[in-house]
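J.: In order, the protein sequence lines correspond to chains A and B. Here this note's numbering is used: the first sequence runs in plain steps of one and ends on residue 91. Here this note's numbering is used: the second sequence runs in plain steps of one and ends on residue 113.
What the hints contain is simulated information worked out from the structure, not anything from laboratory work. Check each hint, because a few of them may be wrong.
What the hints assert, rightly or not - What the simulated footprint calls covered on chain B by chain A, stretch by stretch (three residues with Cβ under 8 Å from a Cβ of chain A suffice, anywhere in the stretch; the number is not a length):
1) 10-19
2) 32-41
3) 71-77
C-beta: ideal position from N, C-alpha, C; glycine also.
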Amino acid sequence: MFEYWFFVVLAASLTVIISLPLYRVIVGPTLPDRMLGASAIATKTMVLILLIGFIFDRVDMFIDITLAYAVLNFIGTIAVAKYLTSGKEKK
Amino acid sequence: MSGLDIAALPVLAAGTFFLLIGSIGLLRLPDFYSRCHATGKSDTLGVMLLVLGLLLVEGLTLNAAKLLLILTFVGLTNPTATHALARAAFQVGLKPWFRRDRSGDSAATKEED
């Protein structure tokens, strides 16, 4: 029972921590700043999904979601990095 | 609660602490490259510590193997993605931030602009 409430408190504090880089996504001065904020949010959301799996006692399902989310986050960031440099090469 | 659960609690708390430090660094640091420094190192360590703590709670099951996979994947890809983004920004021509000195440095940065 203590473990359950510890996970709930951890997930709540993680939600507050996730909301901080949202500022960088909204008012970030440049495009890489915004992408960095989005990547940081996605990295922390991964742990939040895992914690939700532990809270609801369905870890086996939520771990697969976390793996897919991690791969999507990595591919998305690499794609934006390639997109940023691709316009420069065509000139 | 077994001994492994008690060992997991400080690991989980330390992971949350490092994630908090990474978020504050992302807000407070002055430059894109220094923000890369905050999120590339601190967030990776925080996520790895949190997944390690969950692995200690889980015990020796198939889910623990998958958690170990997530741990390895985050440790490999998060610094790689941050580095790729910083390299792309540098190639596009985003200038790093310098502290303005009292002498001629401010004039030099003005000339570059």
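J.: Evaluate each hint against the coordinates.
T.: Hint-by-hint comparison with the structure:
1. 10-19: The restraint on the region 10-19 of chain B holds, since 4 of its residues have a Cβ under 8 Å from chain A and three suffice.
2. 32-41: Result for this restraint: holds, n = 4.
3. 71-77: Held - the region 71-77 of chain B has 3 residues with a Cβ nearer than 8 Å to chain A, which meets the minimum of three.
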